[in-house]
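Chains D and P, in that order, are what the protein sequence lines are.
Residue numbers for the first sequence follow my numbering, so the first one is 1 and each next one is one higher.
Residue numbers for the second sequence follow my numbering, so the first one is 1 and each next one is one higher.
Simulated from the structure, these hints should not be mistaken for laboratory data.
Certain hints may be false.
To be verified - Over the 10 Å line for every Cβ pair with chain D, so calculated as not near, a few chain P residues:
(1) GLY69
(2) LEU121
(3) PRO129
(4) SER135
(5) GLU178
(6) ASP190
(7) HIS202
To be verified - Only pairs whose alpha carbons sit at most 30 Å apart, straight line, appear in this in silico DSSO-like list of lysine-lysine:
(8) LYS90(D) / LYS55(P)
(9) LYS161(P) / LYS132(P)
(10) LYS55(P) / LYS16(P)
(11) LYS21(P) / LYS55(P)
(12) LYS90(D) / LYS21(P)
(13) LYS55(P) / LYS161(P)
(14) LYS161(P) / LYS21(P)
(15) LYS206(P) / LYS132(P)
(16) LYS16(P) / LYS90(D)
Glycine included, every Cβ here is placed at the ideal spot set by N, Cα and C.
In case you want the letters, here they are:
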Amino acid sequence: MLADLVQNTLDGLAAGSAYALLAVGFTLIFGVLRRVNLCYGPAIMLGCYAATFVHLSFGAGLLVLALVCVLASVLAGGYVERLCFAPHRKGSGIAAMVASFALWMQLEEVAILALPKHLYPFPALYDGKPIDLAGFTIRVEALVMLGAASVVCAALWWVLYRTRFGIAARAVIDSPLAAELSGISVPRVSMGVFALASAIGGLAGFLVSASFEQVTPMLGMWSTFKGLLAMMLGGLGSLPGAVAGALVLGLVEAHSQWFLGPQLRDLLAFLMLFMLLAIGPRWMTTR
Amino acid sequence: MPALLEVADLVTAYGKIEALKGVTLEVAEGGITCLLGPNGAGKTTLMYSIAGILKPRRGSIRLRGEELGGCAPHEAVSRGIALVPENRLVFPSMSVIDNLEAGAYRRQGGRAGRGEIDADLQRMFGRFPRLKERSAQLAGTLSGGEQQMLAVARALMSRPKLLLMDEPSLGLAPLVVEEIFRIVSELHRDGTTVFLVEQNAHMALKVAQHFYLMEQGRVSFSGDPGSLAEDEVIRRAYLGSAK
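Using the sequences provided together with the hints, build the complete structure.
Okay, here's the thing in structure tokens:
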């Protein structure tokens with residue numbers, strides 16, 4: 001029993017760190033645009049499809065694939081920003097969100113047209129044996145994910161709190177009007193943040209694909225849901241909150257999968273969100 | 001004194017409704033010009049039009065003879081205009097010092113160099129010692145008066161030729177208002193040109209050299225403090241007493 005708890009906790013933290021990357025990207029976009037980008041996950045999925053395509057065509061190695069994932073996600077993200085969010089910057093948030101849903105469908109179709117089978121193999125992040133430590137098995141992929149998430153979060157903190165771009169990004173998140181009055185070009189900074197968030201998402205997509213060793217068009221929906229859920233659990237718009245929400249989500253999923261079975265796992269995660277919304281909606285509006 | 005800012009026949013509209021219906025006025029270089037007027041007269045609209053937040057429909061805005069009308073807000077800052085907005089609008093979840101850094105955004109990474117910006121930071125801390133004490137504190141935790149000081153300091157960090165202030169005394173205690181106006185006259189003494197929107201005519205009379213009154217999108221009075229005090233209507237509406 002105790003062994004299960006510890007093992008599940010380890011697995012949950014590993015999954016949670018992938019969610020954390022997704023949630024951090026989602027939160028950055030939400031922060032600068034005050035808009036929900038439903039096409040966040042599908043753009044990442046397209047990035048992973050681009051990497052799969054490169055892998056199948058040229059047999060490229062993992063590092064190249066990671067790079068392709070990140071770059072293609074940034075391109076796809078930029079496409080979404082130009083089409084859905086730039087035209088609605090001062091207009092309706094609902095219109096932008098619905099537009100992002102339309103692009104979701106479009107990107108999924110593009111992926112299916114390019115690679116029509118339901119499932120494609122993705123090279124494994126690590127194909128050796130898991131580490132055996134004091135009776136617990138630790139997957140090396142999990143350690144890589146945890147490490148990557150920590151490094152990305154630290155790097156992001158550095159960018160936001162130690163660079164000129166970071167000051168501009170936080171200013172836009174705090175008050176777009178005051179940012180404009182301070183001489184910050186809000187459209188340009190928003191685009192930069194969008195690209196940064198897409199790059200982080202692309203890296204998350206790469207890690208997830210390489211750890212599952214497969215890609216399907218469902219990766220898009222999966223990424224949007226996990227990112228959105230973690231972001232909301234963390235209180236909408238706070239980066240540390242998003243990371244905490246992601247880890248909680250990973251832990252809850254790991255434990256409920258073990259104790260209640262995979263069918264109830266997702267149910268529990270959504271139930272958690274539902275209760276949070278029902279009991280404390282004020283939680284969601286604090287930043 | 002030559003005019004630093006010349007606004008001519010400016011029309012700014014929200015949809016079909018014209019908030020400014022042909023405003024013409026001047027701000028003298030090195031002086032303090034004050035704009036009075038009731039709520040809804042279009043004072044803030046004028047400020048936003050000059051700062052590039054709102055695009056004027058017609059007319060011109062010239063800074064030292066150069067046309068500004070229609071340029072983006074960040075460009076207006078580059079050209080030397082800084083607005084201290086109504087309700088201050090500091091960046092609440094950023095530290096005081098990061099707020100000031102944001103004010104110097106257009107100068108960073110440029111020719112100005114780090115040293116010059118750091119020197120300006122020290123100057124701001126000299127002028128506003130309270131901000132120095134609280135430099136690491138989040139701006140959202142400051143009092144209203146302190147936030148107003150921060151908003152002024154942030155605007156000054158861009159080294160503006162023209163400082164626009166939109167009701168800096170709004171919602172502040174009388175003692176704090178006195179301090180704000182003391183700072184405004186200090187800035188004036190140091191050579192900053194100030195264009196001030198104010199409802200508190202008593203305070204404005206102590207510092208400003210020229211007054212405009214705006215009503216329903218038009219300028220209805222222009223004159224020095226003496227003629228302002230002599231105008232029966234204005235005296236009753238803004239100075240609160242008949243002679």
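Quick rundown of the hints versus the structure:
1. Every C-beta of chain D lies more than 10 Å from that of GLY69(P), the closest at about 17 Å, which supports listing it as non-interface.
2. Every C-beta of chain D lies more than 10 Å from that of LEU121(P), the closest at about 13 Å, which supports listing it as non-interface.
3. With a closest Cβ-Cβ approach of about 23 Å to chain D, PRO129(P) is found to remain outside the 10 Å limit, as its non-interface label requires.
4. The claim that SER135(P) lies off the interface holds: its Cβ sits roughly 14 Å from the closest Cβ of chain D, which is beyond the 10 Å cut-off.
5. Listed as outside the interface, GLU178(P) is consistent with that label: its C-beta sits roughly 25 Å from the nearest C-beta of chain D, beyond the 10 Å cut-off.
6. Distance check for ASP190(P) against chain D: the nearest CB is about 21 Å away, which clears 10 Å, and the non-interface claim stands.
7. Under the 10 Å C-beta cut-off, the non-interface status given to HIS202(P) relative to chain D holds; the minimum distance is some 28 Å.
8. This hinted pair checks out: LYS90(D) and LYS55(P) have alpha carbons roughly 14 Å apart, not beyond 30 Å.
9. Restraint check for LYS161(P) and LYS132(P): satisfied, since their Cα atoms lie roughly 25 Å apart, inside the 30 Å limit.
10. Of the supplied pair hints, the one linking LYS55(P) and LYS16(P) holds, its CA atoms being roughly 14 Å apart against a limit of 30 Å.
11. Restraint check: the Cα-Cα separation between LYS21(P) and LYS55(P) comes to about 14 Å, which is no more than 30 Å; the hinted pair holds.
12. Distance check on the hinted pair: LYS90(D) and LYS21(P) sit about 24 Å apart at the alpha-carbon level, within 30 Å; holds.
13. Between the alpha carbons of LYS55(P) and LYS161(P) the distance comes to roughly 21 Å, so the proposed pair stays at or under 30 Å and holds.
14. For the hint linking LYS161(P) to LYS21(P), the alpha-carbon distance of about 26 Å falls within 30 Å, and the restraint holds.
15. Pair hint LYS206(P) plus LYS132(P) holds up; C-alpha atoms about 28 Å apart against a cutoff of 30 Å.
16. Between LYS16(P) and LYS90(D) the alpha-carbon distance is near 18 Å, which keeps this suggested pair within the 30 Å criterion.
In summary, this structure violates none of the numbered hints.
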